[in-house]
Structures are given as structure tokens and as C-alpha cells.
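Enquirer: First to last, the sequence lines map onto chains W and P.
According to our numbering, the stretch in the first sequence is residues -16 to 378, in order.
According to our numbering, the stretch in the second sequence is residues 69 to 134, in order.
Since the hints were made in silico from the structure, they are not lab data.
Check the hints yourself; a few may be wrong.
[Said to hold, decoys possible] Derived DMTMM-like pairs (lysine to aspartate or glutamate); straight-line CA-CA distance at most 25 Å:
#: 1; chain 1: P; residue 1: 70; chain 2: P; residue 2: 111
#: 2; chain 1: W; residue 1: 344; chain 2: P; residue 2: 89
#: 3; chain 1: W; residue 1: 285; chain 2: W; residue 2: 43
#: 4; chain 1: P; residue 1: 70; chain 2: W; residue 2: 315
#: 5; chain 1: P; residue 1: 70; chain 2: P; residue 2: 96
[To be verified] Partial list, derived from the structure: chain W residues whose beta carbon lies under 8 Å from chain P:
#: 6; residue: 253
#: 7; residue: 315
#: 8; residue: 316
#: 9; residue: 317
#: 10; residue: 319
#: 11; residue: 321
#: 12; residue: 323
#: 13; residue: 327
#: 14; residue: 332
Glycine residues also receive a C-beta, built at the ideal position from the N, C-alpha and C atoms.
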Amino acid sequence: MTAIDWATEFNHYTDEYAANAFAVWDELRERCPVAHSDAFRGMWVPTRHEDIVAIAQDTDTFSSRSPLVAQYGSMADFGIVVPPISSDPPYHTDIRRMLLPFFAPGRIELLRPSIEAHCDELIDGFVDAPGCDAATDYAQYIPVQVIATMLGIPPEDGDQFRTWVVQLLESAPTNIEVAGANLFQLFQYFGEHIERMRSQPGDDLISFLVAESHDVLGRELQQDELFGMCLLLLLAGIDTTWSAIGASIWHLADHPDDQQRLRDEPSLWPVALEELLRAYAPVTMAREVTHDTEFRGCPMRKGDPLLLPFPSANRDPAAFDRADEVVIDRAENRHLAFGVGIHRCLGSNLARLEVQVAVAKFVDRVGPFRLADADAVRWAKGQVRGPRVLPIAFG
Amino acid sequence: MKVRVDPERCQGHCRCIAVAEDLFEADDLGYAHAIGDGSVRPDQLERAQLAVNNCPEYAVVLELGP
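Construct all of the structure, not just a fragment, from the sequences and the given hints.
Expert: Structural data, given as C-alpha cells:
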């Protein structure tokens, strides 16, 4: 197998990328700061912090209509909308305004006791064993339960959601049949669920949206908008948080000094978690070029997809001292793990709460831990990066 | 010294609240603003500076003044 030329053949769905993304970004930032890929319909990939911020802020030139890059076409052209992340102002502004109160810090903080109880219950299941898989026995369950509660869905449907989400993020962008089959099943599931919630409103997100839409939008939400928002909650809320929890545990397993320091100085947790979010930011977003333009000498054409790898911005030495190291007590940290500009992750308060509770509980309750088999760790491909297999040994 | 959050720039990351919860608070939408008139006591200055240096949107401003 020949080596991939990342500057011209960038492909985030390869094993090489999953295993070596940091080295790929480091190389590109130096050698070719805006890479290109014919395999993804002429996709552009900026890797420098400065460029990523400039593109995220320029919503006129770089539309969010297709936040996930598929090989075979733009999400928007398939009629798939997941507002507000897949939209631009002014529609974006209204939809986001409607959702913001549901994700504001005060409301999210109310979820803390149930997240703590769930993490404790999961840890009870393996704490007396010699080890666990921190991805499949722990991290993957935490956001699923939170999102199911938010959507008013029975927790036992969680396994099904996780399967749909993993397929949509890891396989669908390179396989149109997987995309179609999963979207069809999700649409059926949520079609029925939304009808149920309309007739029996509760304190779930769907009931909230149905009630708020009159005040904020002055109209009823259409079925495709409600479905899109449910789908977005799954896509944005599950893999991402699961990845951040897993990557943080992976780092601490591999760095006993950082682990011990957090046990000795628990007041470091808030800055430590921000640093882990910087260093192992899971989410790469995408944009679509709205008109022919030139960026950093690259001739971009209307409709070209563009990846926005926030994790690469977070490791740019031009923006961060010791960018390639985890400095566990880094006090000043303007990282972009939750993006920058008008599409700042709507769920960032929730994600932070989940990561904080899940990682601190794991460290406190299992005692010293390490990687059981570093070679067995497997990282996800695509736009959400985190460990999917993470064998941990206790003691 | 006073702190201020530029409402045009703030996107609701809430990093200022995390590092200086006695100086900033969030509204019902999750956007941040300074508490009261934003006055910073000498013992709060270090945290005020941290709030400035942790905002990804460069929305937090520390101003000289009474």
C-alpha cells in the first residue's frame, strides 16, 4: 500500500487518519495549510487555527447547509436538514434562539444528579473486575441516556440509537445505502414519537419546541424541522461526548503523572478538562462554499465542501504554546473544541457537565488505572474522533 | 477596573463564568454578562484576566477606570 499524500488525497475515512490524525494535521499545517481531496467532491481542508477561525466567522462565503461531508453529495441536496447546525442566518438565528433556553447553564445543571447516578451505576458494574473497556462499558452509555431523557424516549431504546448514530457518522458518508437505510428507520421512529409527544406534552425537547415555536417563530414547526432537530440531538450529542469522555480517560490511562496530580489536587479538574478538550477535541465540522472565491491561494468553487477540523486548530503551535502536549494545569486556553462563531456547540454546557462528571467519577472510583493493551485501542474514523475500543486495567 | 462582555461577540461559551463566577453570569439564553456594573476588586483581578484570556470569541474586555 502506498502512502497517502494528505495534501491532495485527504481522506478522514481511512485507518491511517484514524490512527495518526495529529501527525497528518501537523504535516499539513507546515507543508500545505489548505489540503484538497478529489475523493470527497473536491473538498478543501484548512488546518491552521487562523484559517479555521476566519472560515467559521465568514458565514456568507462558507455556508453550513451541509455540516457532514459525504462522498456522493451534499446533505442539503438530499433534503436532509438538521437545524440549526445545517442552516445560515437569518433562519439559523431564529431556530437557535428558540433552542438556546433549553441548553442554558441553569437548565443543564439540573441534569447533574441523574448523570452522576448513571455514572455510578455503570462503574458499579465493573469496579470490582480487573479492568473494563472504558469506551464500550462506560463512555458510550453516558450521553445516550441523557439524550433519551431529553427527547422523552425510553432508555431501553438507547442501543438502537447508538447503532443508528454510529452508522450515520462512521459509514453513511462513504456509503449511500447505509445512509438511506438508517435515515429511513430514524424517520419512521421519530415520526411516531413526535406524534405521541404532540398529543401528550411533557418536559422533553419536542414538547418544548412545539410550545416555543409559536412565540419565537410565530408559526408551527414543520415535521421535517422537528425530525431534523431530533436527529441533530442524536448526531451531535452522542458520539461527540462519548468521544470526549473516552479520549480523556485514554490520556489519563497513558499518563499516570497527570492522573495522580488530579487525585492530589482536585481543584485542577476544571482546567484539566478544558485542556483535555483542547488536545483531544472530537469534532470536525464542515462548510460549503457559496460562491467562487480564492482562499489562501486556493481556487474554491461554489458548492465545494470544506472540512473545518477544530481539533487541528487546537494543536496549532501558532496559537498555543506547547500545542502538542497536554499541559494539565494550562490556565489560559482559548480552545475551539466547541467551535467558534455563531454555530458554537449548542450543547457545550451539557457536554462539559457530562465529561466533568464522567471522567472525575472514573478517576475517583476505580483508583489508579492504565491502558491494558495500547495496540488494541481503536479510534473512530470520520468527523468525530474518539476511542471506540479502550481496554483499561485497574491497579 | 471593570469587566464587560461584548454582546456582539459573545456566543455563550460561558468560559468567563467558569473561571470567575463572581464576576459573570448567564442570561436565560446562556449568553454571559458582567454582574452588576462589572467592577473588579483587586482580589478579583487575576480571575478577570483569566476570563479575558479564556474567551474563544475575544468577547470579554477588561477596562481601566473607576
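Enquirer: Decide, hint by hint, whether the structure agrees.
Expert: Against the structure, the hints:
no., hint, in the structure
1, 70(P) with 111(P), "13 Å, holds"
2, 344(W) with 89(P), "23 Å, holds"
3, 285(W) with 43(W), "12 Å, holds"
4, 70(P) with 315(W), "20 Å, holds"
5, 70(P) with 96(P), "23 Å, holds"
6, 253, "6 Å, holds"
7, 315, "4 Å, holds"
8, 316, "6 Å, holds"
9, 317, "5 Å, holds"
10, 319, "6 Å, holds"
11, 321, "7 Å, holds"
12, 323, "5 Å, holds"
13, 327, "4 Å, holds"
14, 332, "6 Å, holds"
Of the numbered hints listed earlier, not one is contradicted by the structure.
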